Structures are given as structure tokens and as C-alpha cells.
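Colleague: Residue strings, one per chain:
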Amino acid sequence: MTEHVEWSEPEAAGALVSSAVTPADAADAARLVAFGLQPKLQPARDQEYAELLRRYREDPAFARLADAVAAGLGLVVLEVSPRAGMAVTAAEDSVFAVRMGDYARRASADAGDRFLHGLAHLAVAAMAFPRPEDLADDGYIGRVSVNGVDAFVRQACRRLEERAEEQGEITDPATDAPGLEAAWRIWARRSATGATKDARRLAGSTTGIVGKAVAFLTDSGFLQRTGDDGGGTYRTTARYQLQVRDMAGSAAMAELLELGIVPVTDGTATLLPAEDTDDLELAADAGLPFHSRP
Amino acid sequence: MTSPASTDSVPPQLSAGPRPAPGPAADEGLARRLRALACTAPLHDLDVRKANLAGEYSVYGMAEVALAAIDLVTLNMDFDTGADHDQIVARLIPRIAAQAPRRPVAEHERVARWVLENLINVGSVDRGFRAVYGTFTPDGSYVRRDYDFKLIEEVPGYGGSVYLRTTDEAVNVLVGALDTDVTSAQIAAEVKLEVLISRGRLADAQLAAEQARYRTVQYSETLRRTLDATRRNVRAVDWLQAVPDMITEALDHVADRYRHENAILTNIRKARDESEDPEHKRRAAELVDIVKDCIRRHTQLQSRLLEAGPLFRAEQDRQAFAAPMATSGIDLYGHLVVPVLPLPVEQALRVTDAFFARGTGLRTPVSVRVGDLVDILLAPPMEREHLGAQMPEPDLIATPDDSRFSEEQLAAAMELLDLPADAPRRLSGLLADARRSDPELPYLVALLAVHAASPPVGTAYRQGEEKLLFSVDDGTELDDPEFGGADLIVGMALLDAAALRLEGR
Numbered sequence: 001m002t003e004h005v006e007w008s009e010p011e012a013a014g015a016l017v018s019s020a021v022t023p024a025d026a027a028d029a030a031r032l033v034a035f036g037l038q039p040k041l042q043p044a045r046d047q048e049y050a051e052l053l054r055r056y057r058e059d060p061a062f063a064r065l066a067d068a069v070a071a072g073l074g075l076v077v078l079e080v081s082p083r084a085g086m087a088v089t090a091a092e093d094s095v096f097a098v099r100m101g102d103y104a105r106r107a108s109a110d111a112g113d114r115f116l117h118g119l120a121h122l123a124v125a126a127m128a129f130p131r132p133e134d135l136a137d138d139g140y141i142g143r144v145s146v147n148g149v150d151a152f153v154r155q156a157c158r159r160l161e162e163r164a165e166e167q168g169e170i171t172d173p174a175t176d177a178p179g180l181e182a183a184w185r186i187w188a189r190r191s192a193t194g195a196t197k198d199a200r201r202l203a204g205s206t207t208g209i210v211g212k213a214v215a216f217l218t219d220s221g222f223l224q225r226t227g228d229d230g231g232g233t234y235r236t237t238a239r240y241q242l243q244v245r246d247m248a249g250s251a252a253m254a255e256l257l258e259l260g261i262v263p264v265t266d267g268t269a270t271l272l273p274a275e276d277t278d279d280l281e282l283a284a285d286a287g288l289p290f291h292s293r294p
Numbered sequence: 001m002t003s004p005a006s007t008d009s010v011p012p013q014l015s016a017g018p019r020p021a022p023g024p025a026a027d028e029g030l031a032r033r034l035r036a037l038a039c040t041a042p043l044h045d046l047d048v049r050k051a052n053l054a055g056e057y058s059v060y061g062m063a064e065v066a067l068a069a070i071d072l073v074t075l076n077m078d079f080d081t082g083a084d085h086d087q088i089v090a091r092l093i094p095r096i097a098a099q100a101p102r103r104p105v106a107e108h109e110r111v112a113r114w115v116l117e118n119l120i121n122v123g124s125v126d127r128g129f130r131a132v133y134g135t136f137t138p139d140g141s142y143v144r145r146d147y148d149f150k151l152i153e154e155v156p157g158y159g160g161s162v163y164l165r166t167t168d169e170a171v172n173v174l175v176g177a178l179d180t181d182v183t184s185a186q187i188a189a190e191v192k193l194e195v196l197i198s199r200g201r202l203a204d205a206q207l208a209a210e211q212a213r214y215r216t217v218q219y220s221e222t223l224r225r226t227l228d229a230t231r232r233n234v235r236a237v238d239w240l241q242a243v244p245d246m247i248t249e250a251l252d253h254v255a256d257r258y259r260h261e262n263a264i265l266t267n268i269r270k271a272r273d274e275s276e277d278p279e280h281k282r283r284a285a286e287l288v289d290i291v292k293d294c295i296r297r298h299t300q301l302q303s304r305l306l307e308a309g310p311l312f313r314a315e316q317d318r319q320a321f322a323a324p325m326a327t328s329g330i331d332l333y334g335h336l337v338v339p340v341l342p343l344p345v346e347q348a349l350r351v352t353d354a355f356f357a358r359g360t361g362l363r364t365p366v367s368v369r370v371g372d373l374v375d376i377l378l379a380p381p382m383e384r385e386h387l388g389a390q391m392p393e394p395d396l397i398a399t400p401d402d403s404r405f406s407e408e409q410l411a412a413a414m415e416l417l418d419l420p421a422d423a424p425r426r427l428s429g430l431l432a433d434a435r436r437s438d439p440e441l442p443y444l445v446a447l448l449a450v451h452a453a454s455p456p457v458g459t460a461y462r463q464g465e466e467k468l469l470f471s472v473d474d475g476t477e478l479d480d481p482e483f484g485g486a487d488l489i490v491g492m493a494l495l496d497a498a499a500l501r502l503e504g505r
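Chains as they are written, first to last, in UniProt numbering: chain G, 1 to 294; chain R, 1 to 505.
Only chain R is shown next, with the shape it has when bound in the complex:
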């Protein structure tokens, strides 16, 4: 409690004077901020280096393109794969084209690729960036350190393809919340959004919603890693408690977020419907899309979580019944890999060198004869097969068309049944109309009308259909030469998928 007194007694301009050297704790915060700052350097660097490119590229805002690229990659990251390289380039081009509309498309594409390659940093062997910063050690000496980071990294996909993912560093740079906890930042973003919406500040709300989505992606990514990892390993996992607990926790989390985001959705929808200003309406509609996307990602996460249980059991069956062996030998992982990794590379090298020298087997030395050498040098170069083996022509057999009605008949029937929503018709009238054009058509119309007596409402909603054919029996009998039964009232119902979801809640 001495500090307030001392501040009072010391004149303000002196409070910034010499202080004792900051301790490691204060320095750590500085180091963290320096590292955060370093993550933005590659973006600034793009605008600095664009002058060196062959050609006149100063019209392009490279940092802007780079940020847009990081956005695109982040939003296209799914569970299994990352974003596709070419797709990102294609989506960047409209923005680049807007910056310089008179330039050729090839140049726009070149800019997109240049930016993307620089974000990956293709030129370096690590494909990453390095920044140097200085810190004080606990004993007061000053040390310069290398900070290695990546913004966009390339990850292996299925079938040897390469996908792009944004790193945590990049997401943090993008969102601007540097060095924060994933969970708490997500909650904060959502709370902010709710407040903003309740005050009607939609412009800010959209920004916050986008931030929430980035956070959602980042959070899913963290869980994906944990979950994927867990699925692989059975014997090493505590089956009784830890795994079920973890899954329960994750499911609770998803349910919580889902509830939360649905609440937001309801609020925004209200804002959208109540707002008079068309600009507000549009903004709110965009927000609805963003939050929907968040919910979709959570649903995806949830289905992953539900798959984990059966997978564990299957693996358990497969692996757990092997009889344990009594012998013990070297535990390669526990005795070698684990101790080696934390060592300084100088020392670790001795161990890996020893393993390499004796673990690679033998090679029979090559002895060259001059005769062979001449043959080798004179041999024409091997032609590489670019296209692979020739595909055999597939032997196709046409399946006989045994449908009762032709495509044209179906189209005619559908056209006939495409009634205005406010004018339903009797089946008898429809049948008479159909008979005029085609004697077979009434059968199809009658069939469709009977089907419509029990329309698949739920499916239509899920598929986002706008309208649905229905038919109702009001007791009138059908008077028709070919058909008997009830003279159904056939009509078209308009569906409002969004409205139903609101009511359903």
C-alpha cells in the first residue's frame, strides 16, 4: 500500500524516469506482444516488396489481399481437410480485380498466387517466418531469440493432395485478439454480439458475429485434433472415465453453444423482421447466415463426437484381447523418442546419428565399369508418363426404359398441378384438363393427387422447398369415367421454412 503515496509525492513527469530493470514476468508480456507484432510483419512486408516485382504492381493493396486470403482459408477449413489452393486463388481474384479493373485477369491471378505463396513463404525450407526479438533472462542478461511462426500452412489431404490451413497465429492476427484463451474469447464475442443487437447496433454486430465465427472455427479445430487423436488409441486411454467424460464435456459444450447461438439467431431474426431500414434488414440477414454457419459447424462437431463411442468399442474388441508378453526390452518411444525431443539439438543429434548409423541396414557399394558408364551416358532419357495407362473403353449396355410414364408426361402433369397458391382446384377438373392433352395423363395426375393427400411436409422444409402440393378430401364424390373415389381439392401451399423454425421453438 505504499505505491499510491509514492505516486502522489513524485511529480508526474518523473514517474517515467529510470526504474529497476523489468523482471522476467514483465518481460514475458513484452515478449508475447513482440511475437504478436511479428505475426503482422509478413503482411506489411508484402506491400513493401511489391515494388520489387517485375511490372507495375503498386496499385494493388497487398496487405488487404493477404488478409482476405487468410479470411478465406480460415472459413474454408473443414474438419478433414483444409482449403483448396486453387479455390482460394479463384475467390481472391474478384477483390484483386476490383483494385485494378483495367489490368488483365492473368495479372490478377498472378497477384493472388504471389500473395498466397508469400503467406506460405514458399521460398524458405521451413515454409514459415522468423522474427528476432530480445528478452532479459532472470539473471538480468539480454538474449536475442528467434521466433518461428507460420501464417498459412500446407497439410496433407487424402490421396496425396495438399490443403491450406491457417495457423493459430494467423487466426489471432486476423481476429485481433492476441494471445487470448479460445473459450473465453468465444464467449466474450457472443456476449458482445448480444449487447450490440439489443441496442440495435447492427453494423458492429456483424463484425462481432464474424469474429464469433472465426472463434468457432478455431475452437472446432482444437477439438478435432483431440478427438482424432483419441479415436486412434484404445489401450492407452482410460476407458472407464476419462474418455466418456471428455465426450460428455464436449457434447455439453456443443449443446451450450447451440442454445446460445440459436438464441442469437432468434434475436437477429426479430431485428431483421422488425427493422424498417432496408440496410439494417440486409445486415441482419447476413448475420443470420453467419450464425447459421456457426451452428452448422457445431452440428458437424457433434456428429463427430457421437461417432467416437462405437469406434472406441470396435477398436477395443480388436486390440484388447492380446495376451501380454512377459519379456521386456527397449521401449523405443519411452526410452528414446521421449528423452531425445527436449534435448538441445546438438546433443539429440548424437542419439539420432547413432540410431541412423545402425538402423538403416547395409548398402552394397556400387562399382562402376567404364563399359556400363558409356551405356548409361548414351541411354536416351526416360520419358515420363504424364497421362498414365490408357483407360479401356467402358462397355455400356443401355437399360430398357420401362417407366409407365415418360419424362414429357411428368413435365406436363407437373405443369398442370403447378397451381397458384390462392386458387386450389377440384381433381375432376384437373383430370378433364389432362385428358384433353393426353389420354394417359389423367392416370399420372390422379396418382400425384393421391400422393399429395399425405405430403412430406417435414422433408420439404428440411430441403428448403418453397411450396408443396397438397390434396384434401371434403366428402364430395368424384364423377369421372375412369376413376372413382373422392373428388379431392388439390392446391399449392407456400412454405416459409424460417417462420416454421421460429414457431417450432
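Chain G with its partners taken away, still in its complex shape:
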């Protein structure tokens, strides 16, 4: 993400293209960025968009100009390609950034709710790209369902609960220190669904929270709804893969490392058969191969 910003710094870009740039070029570059701001718009459906993308890829000066426009607006360019279009995303503190407080009102007051919403997004991504190869493979299309995501997180929580019980730990949190409660318990104790008067999904339930997350990601052009099974099924877009791979995944990893937690990694998937063969607890309704070994 940082190199994008570097090579699209306005001064450098300006110095290079200043001789040739015309107001019309600047308008075209801004127009391309504007297309990128409509994430649901597909380049294949809009001739002008496709034409501007072609120009971006063939004309380096125009590319730098478009990058500069994006950077000036507080946007990060993830990829410019016929499949993803002008894939831009909000830089930190940009006017385009999504804030948790705007996303869910309750989340700003309640740390537990805020965690649930964040975890829902993480779990949707983990379900959509179950293996490292899936995240790396540009051609991969992930599929998720709302109930599947909830079931899969619950399964992971259940494993942790069982493990804690085996070790005789008391996981019930101290009354005066709710912040020290283990994160999985927050999800486990929130009900999965609930009856409402108007037959809509209970917003505070975990399926409600996951449902909100996928609906939001659909609006962001990251998911496409494919059916109603399992509380709604969705498939991923190229943009979502880019966003998770280049932005969200690494940012969350950095935060985790800062907490002093280094996930053991040897480059292979955690989805391989477990060493202890009696470990057959897999995520129910997940619809994707998940091994829930925490």
C-alpha cells in the first residue's frame, strides 16, 4: 500500500507529466477515479470506463495522473485491470473511510458489539478465502452464506470452550473486568437468531450481525448475492480479494504482531488434516472445507 502512495505522489507525478498534461487529460483521469468510486460498476458493462482503463494501462503518463488524482482525494489504488476496474479504497482518515460508529450505532458505545461487528467481517473474509492459495489465486471466487459464517465461528468458539473445559479453566470473566473476557465468549453467548415482530432478522443476533456485514460488503461491490439459502449466499468479487489481501489482512496481522502474538507460519495452509485424527469437529453449515482447529 505504501509504494502506491509513493509513486503517485503529486509532486513527482506533476513534474513528469506537467509538460504534456492538458485539462482534458486531468478530467479523464478524475473521471477514471470517479468510476473507481462506484465499486459496483463493472468495466465490461461501460464502454467509457473500459476505454479509460485501457488508456491507464497503455499510457504511463495518464496512469500517473490518475494515481495522483486518487492520492490527492485520499484514495489508495489497489489494482487497475479489466477484471477489477479502477480498484481504489479509502486511505486512513480519508473522507471515504468507513467508521465503525457510522456503521453500527451500538458499536460505538459497547466494546462487545464493536468486536462482534469486526469479527463478522474477519470471519466473512476467512470463509470466503479459506486457504492462503485462495487469497493468492486471482481466479478464485469464494462463496459464503450468512448462516455458514455464524456456524463456522461458533464451531471455533466451541472448540475453545471444550479446550478450556478439558484444561479445567474457568472462562467466566471477572465481574469488574469485562474487558478481560475471552473474545470467543462474546460471540458464543450472543444468540444466533431471534424471533422479531416483523419477521426480519434480529439485528443484535450473530446472524443479524453477519447479515449486516455481507449486505454492507455487497454495497461496497465486494460481494454479489447469489441466493437465499442459508440466510443468503454470496460470491466474492476481484475487488474483495484485493482489499482483503493487500489492505485488511496485513493491517490486522500487523496489529496482532504488535500485541506480541506471532502466529506460527510455515507457509502451508491450516486446513490440512489434523495431526490428532480424532479431531473431527468441522464447521457445520459452512459450505466450505474448514478445519476448526484453533
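Just so you know, the hints here were simulated from the structure itself, not pulled from any lab data.
On a predicted model such as this, the values are computed, not experimentally measured, just so you know.
Among the hints, a few may not be true.
Claimed, not checked - Below, simulated SDA-like cross-link-like pairs (lysine to any residue); rule was C-alpha separation at most 25 Å, straight line:
(1) LYS212(G) x VAL122(R)
(2) LYS197(G) x PRO365(R)
(3) LYS40(G) x THR135(R)
(4) LYS197(G) x LEU387(R)
(5) LYS197(G) x ALA54(R)
(6) LYS40(G) x PRO365(R)
(7) LYS197(G) x ASN121(R)
(8) LYS212(G) x GLY157(R)
(9) LYS212(G) x ARG235(G)
With chain G fixed as given, assemble chain R onto it according to the hints.
Modeller: Frame of chain G; chain R shown alone:
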């Protein structure tokens, strides 16, 4: 070996005196019992809070209704779905009505819903309960902890519907066997039942049988989770050994339980048939039903187990032939979800916040123009479609009725053939009777009689028929103007499905 000596030397009243602070092991047992105790609190609470309801509700035994509700939900939990909300309410009403027969039905229903909603605890955001209890940590300090639990939880069903399930906590409260192993408790309940029956104590036996059924449901639930989960995942599962082993084990278990419960069934049937006391007979008959239900649930479990194999193979074909990629990147599940979940929520929040901030994409900020605002504020509210789109009138075409015989003729023939069990008749006589009422009828009667020469006995038993038409050829020739062949003896056999099953064993 010092403790017996010290107890002897110390006067009994002092043995309850000050002791060293209990260690964490002793405290754990206490914590477990405190949690078990907490699970009963919502039921007591119902009876305490009924006074606060608008209206005079003290006649109702709320804890009783609540326990009945938990019973109903537990027994209606099937593999795929839980119990239906409205159905539970409907089944609760007779009991509530019995508590206060003079009150209106609407009030009974209100009580049922109130109890059910309180068991779900609709008012709280978690839809659960919380109890506070204290424990000593290993270093001796005292900590108060929150225990969160649910009694009835709502689970998603097909098509967005919501079903009710009782939690393990609720089943444990109900059965009264707190914090026990599922398998061993089931075996214990069954052994108890056998002993009780052999001593002829049927009243206790029924209680034990009901407990065994709760255990069966709970056990099926545990297996269902494991099995459902296994079916979804192919690559992550050890195909060579673990899965087949697991299925074999589960099938063995089902077979074992099936044998066991059939043995019980035989015993109870004996008790039922031999008993003189009508009350005993009735009790034993109820027991038979309960054990039958247990067997039915095991059979359901078994069919699930048998489906698993083909499903695995199909998934294997679909998934296993993708070429592995050499690149490695972030493993979202292994590197993020797994490490985050056990963290304290304060720390986990930082990771999920980071993911959220950069994983949600962008939103174009909304800028409001006053002109638009006026339009928005003045726009009439959207009317919500309650009924959905209008259904087109189906275009029905009547299919021509080309049956050889009419419904009335069939009814007449069946009436003619509805013979008393002890008085079989000759086909010739039946044909003559039939000809008197309708010239077409003898053809149908003859057809039915020929069919009855090889009656579907097995099917009739399975469907629980009480009697079955049969016909036998004893060598007499049929003397009839329209038909030739043997003058069959047509009769009605009474079936005793239960007796056959006993003999079959």
C-alpha cells in the same frame, strides 16, 4: 492414612471448625454446583415476577409451565430443526387452562407466551441469562465471575424461520443430572429402568424411561453436530481412517442402543401383558411408546450415518482434484481468526478494528442539498407490501376420468368384502351378491379377490393395518356365468402388529 486417626481423636463437633482455605480443585466443584443452581434461577424468578404482571396471575404455577415448556421443546427437537414457537404455545395451553379453567383462553395464551419469552429472555440483547458467583483463584484471592447461560435458544431454520432448541444446561436442569457425562448417564438411566421393571415398579420405571429419552435426544444432538460438520469438509478430514472409524463407532453405538432398547421393549411388553392391574397396564403401554420413540430417534440417527459415506465421496470428487498452488499468503483463518478468538476482548478488538477499517472498502460521503432535503421530508412514506405480488390465477385443466370403476363402485365392493373375521365366504356367493346391486360390480369383486390371493402382509404390518383381506384356493371350481377358475375362499384376517414383532424376535 492419617486422616482416620485424626478424625477419631477430634470431637465430632470440632470437625466442622476452621479448615485451610479450599484449594482450586475443591472450589471447582463448588463453582460447578453454583452454575447448576443458577440454571434453575430463571424458573423461580418467573413465580416471583408474576406478581408484577398487569392482572391477577398468581393462580398460575409459572415454574411448572416453564418446566413443561422445556419438556415440550426438548421432545420436539429433531435433527434438522428445533421446535416451532407457536406449536409449543399451543401445547402449553391445556396445562395452563387446567390451572385456571375459568379464565379466558386469550389469557392462557398470554401466560404461555410470557413464560416462553422469559425462558428465551427476549428482553436482553444476548437472549440469555447471567449469574454471578465467586471463586478462589489458585493464589487464594477471591474473584467474582459472570456465568452466562441460556435455557431455550432460537436457531435459524430453513427459509429464514426461527426454531427453538433447549440448551444442554436446560436439559441438565430438567433431568436433574447436573454436570454428568452424556453417554454414561444414558447407560445409567437404562440400567435403572431394567432393574425397576424386573422388580415390577412401573411408576418409577416410567420416570426413568422419560429420562432415558431426554438423554437420547441430547445424545443425538451431540452426534448431529459432529456429523453435520463432517459432511461439509472433505480435504480437512482424514479419509483413510478417522471418518470411517467415526462412522463405524457411531453405527456400533446405535446398534448397541437399539439392541438394548429392544430388550427393554420386550420386557415392558411382557410386564404390560402379564400385569392384571389396569393402571399398571396403562403405565406399561405408555412406557412402550416412550421406548419406541427412543428407537425411532436412533433409527433416524442411523440413516444419517449411512448417508454420510456417499456424500463424502461426491464431495471428494468435486474438491480433491484441484492442483495446489505454490504461492503462500495470509492464511486468514489460521493466522487471524484462530489467534484472535482466545485473546481478551480488549486486545482482540484492536485486531478486528484494524481489519474492519481496511476491509470494508469506501463510502462516498453524502452531501445534502436543501432542495433534496425538502423533497425527502415531504415525500409520503413508502407503503410496505404485506402480501407480496399478486398470484396469477392457475389455469387448471380437468383430466378426463378414465377409471374402469367409479368411487361408489369401489366403496360398494369394499363394503361387500368387509367380512367378519370368523366368517369367510365363497367367491361365488360374493359375486352373486354383487351382481344383484350392479352388473359391473362382480368384475371389481373378482379382481379384489384375486389380488387378495397374495396379500401384501409385510406392508400391512408396517403400516399398522388392523385387518387384511385374503383368499385361498381349496380346489373347488367356480360355477359362475361370467367367470371361470377356482371358487376362492375369501376372508378377513386380523393382524396384531405388536404380536408379530415379538414373535419375529
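Colleague: Now tell me, hint by hint, if it's right for this structure.
Modeller: How the hints compare with the structure:
no. : hint                  : in the structure
1   : LYS212(G) x VAL122(R) : 21 Å, holds
2   : LYS197(G) x PRO365(R) : 33 Å, violated
3   : LYS40(G) x THR135(R)  : 54 Å, violated
4   : LYS197(G) x LEU387(R) : 16 Å, holds
5   : LYS197(G) x ALA54(R)  : 22 Å, holds
6   : LYS40(G) x PRO365(R)  : 16 Å, holds
7   : LYS197(G) x ASN121(R) : 15 Å, holds
8   : LYS212(G) x GLY157(R) : 19 Å, holds
9   : LYS212(G) x ARG235(G) : 16 Å, holds
In this structure, the earlier hints numbered 2 and 3 are contradicted, and the remaining ones agree with it.
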